[in-house]
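J.: Sequence:
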Amino acid sequence: MLRALMGALALLFATAANAQQLYPLPPQPAGVAWPAQDWAEAPLPADVDRAAFDLAITEAFAGRHPLLGETRAVVIIQGGRLVYERYADGYSRDTRLNSWSMAKSVTHALVGAAVLQGRVAIDAPMGSPHWRAGDRRASITWRQWLNMVDGLEYSENGDSVANAGNARMLFGPGRQDTTRWAASLPLIHDPGAHWNYSSAGTLLISDALTRAIVANPQNPADRRQRMRAWMNTSLFNQIGVSPIVEFDPQGLFYGSSLIWMTGRDWARFGYLYLRGGVWDGRRVLPEGWVDFGRTPGPAPNTDTYGAHWWLTPTSGDGRPARSLITGDEMRDAFSAQGYEGQIVVVVPSKDLVMVRLGLFTGGGEAWDALGDWSTRLIGAFGARPAPP
2 MLRALMGALA LLFATAANAQ QLYPLPPQPA GVAWPAQDWA EAPLPADVDR AAFDLAITEA
62 FAGRHPLLGE TRAVVIIQGG RLVYERYADG YSRDTRLNSW SMAKSVTHAL VGAAVLQGRV
122 AIDAPMGSPH WRAGDRRASI TWRQWLNMVD GLEYSENGDS VANAGNARML FGPGRQDTTR
182 WAASLPLIHD PGAHWNYSSA GTLLISDALT RAIVANPQNP ADRRQRMRAW MNTSLFNQIG
242 VSPIVEFDPQ GLFYGSSLIW MTGRDWARFG YLYLRGGVWD GRRVLPEGWV DFGRTPGPAP
302 NTDTYGAHWW LTPTSGDGRP ARSLITGDEM RDAFSAQGYE GQIVVVVPSK DLVMVRLGLF
362 TGGGEAWDAL GDWSTRLIGA FGARPAPP
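The numbering used here numbers the first residue of the sequence shown as 2 and each following residue consecutively.
It should be emphasised that the hints constitute simulated quantities derived from the structure, not laboratory data.
Keep in mind that the hints are not guaranteed to be accurate.
Pair ranges (Cβ atoms, derived) [to be verified]: (1) 190 - 95: 39 to 47 Å; (2) 51 - 30: 16 to 24 Å; (3) 185 - 37: 40 to 48 Å; (4) 96 - 119: 33 to 41 Å; (5) 59 - 159: 31 to 39 Å; (6) 134 - 41: 49 to 57 Å; (7) 134 - 28: 43 to 51 Å; (8) 217 - 362: 38 to 46 Å; (9) 283 - 315: 30 to 38 Å; (10) 60 - 134: 54 to 62 Å; (11) 216 - 185: 17 to 25 Å.
For glycine and all other residues, C-beta sits at the position ideal for the given N, C-alpha and C.
Sequences and hints are given; from them, build the entire structure.
T.: Here you go:
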């Protein structure tokens, strides 16, 4: 417990300096109820640029777009109220849709819940039972895994679908024991020195977190049941969401993908981060945990990634690829992103959360188009004064 407490204090000290450079997270507006079973609803604010807003919405829902593909859900929260929501034909507010890699941001929240409970020390080595004593991989800290600066040799997309690391881990040779597959990856960079986007790293975080919560499972079914119960109690029930979480044959939740939630549920998750990890007066995530997620990591080869959240750089387009949001007035935006165009965008300066769920089949060009669309849609909303 003492070690975990020291880790939590280290997190606070490490984020305190960075927090001065971050746009402050807005508090819950006076007189606005926290979402219970439903959101408080309101019409679009008067300061919305209706021409820009209507054009973006029409573009999204006017049939299959050549780059954006099919938009299935758009949910927008501003000032604590649901101000816009629309679904494509065949989908509704009750339809759960797949996260793909937005689940990585959920894993960030689950680790935060474990830190709050004293179960995880963020700057302690994370380790794996698949590594022998003295293996340098065992010295990599939770913080470094969450920043994706672990240094393992891994290629998320590969040169083809057949060689994509994520596909090989989830659906190829690693599918029966994803942890063993991920733990077999060799170390090729000094931990902390090089950023590399890695679903395998998130999978190893999931395994370590599960071992911290369920130390001695009787079998995979017991492991799955007990971990699901903890996830519900520590996070999902706290914010009123009811996800479907998928597990591998060993009873491990994937962590990097395969969480199914409704558009409103995804908005609730983004709202937890907009409010600094507090929900209706209850602290769900540690003080400073959201700032940790939205602060750039230590590696010089990226400025668009924090800790399992995507960022908007303070200047320029971003590296190693351009950021989702490009508007200069929204440099504080951070987002959860998933394959085929799933996004939850959090913009503190506008006190806003925007969810877009859908399906496109393109690569970087499609993501750039989605970013341009998101920038125009969110940019139609007015700024809100920074909290004191």
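J.: If a hint holds in the structure, say so; if it does not, say that too.
T.: Results of checking the hints against the structure:
Against the hinted window of 39 to 47 Å, the Cβ-Cβ separation of residue 190 and residue 95 comes to about 45 Å, which satisfies the hint. For the pair residue 51 and residue 30, the beta carbons lie near 23 Å from each other, so the given range of 16 to 24 Å is met. The supplied range of 40 to 48 Å is met by residue 185 and residue 37, whose beta-carbon atoms lie about 46 Å from each other. Our hint of 33 to 41 Å for residue 96 and residue 119 holds, since their Cβ atoms are close to 37 Å apart.
Here the CB-CB span from residue 59 to residue 159 is close to 37 Å, well matched to the stated 31 to 39 Å. One distance hint, 49 to 57 Å for the beta-carbon pair residue 134 and residue 41, holds here, with the actual separation near 54 Å. Taken as a hint, the range 43 to 51 Å holds for the pair residue 134 and residue 28, whose Cβ atoms sit roughly 47 Å apart. In this structure the supplied range 38 to 46 Å holds for residue 217 paired with residue 362, their Cβ-Cβ distance being about 44 Å.
Distance hint for residue 283 and residue 315: a CB-CB separation of about 32 Å, consistent with the stated range 30 to 38 Å. The hinted window of 54 to 62 Å between residue 60 and residue 134 holds, with their beta carbons roughly 57 Å apart. Look at residue 216 against residue 185: about 23 Å separates their beta carbons, and that is inside 17 to 25 Å.
The structure agrees with every numbered hint stated previously.
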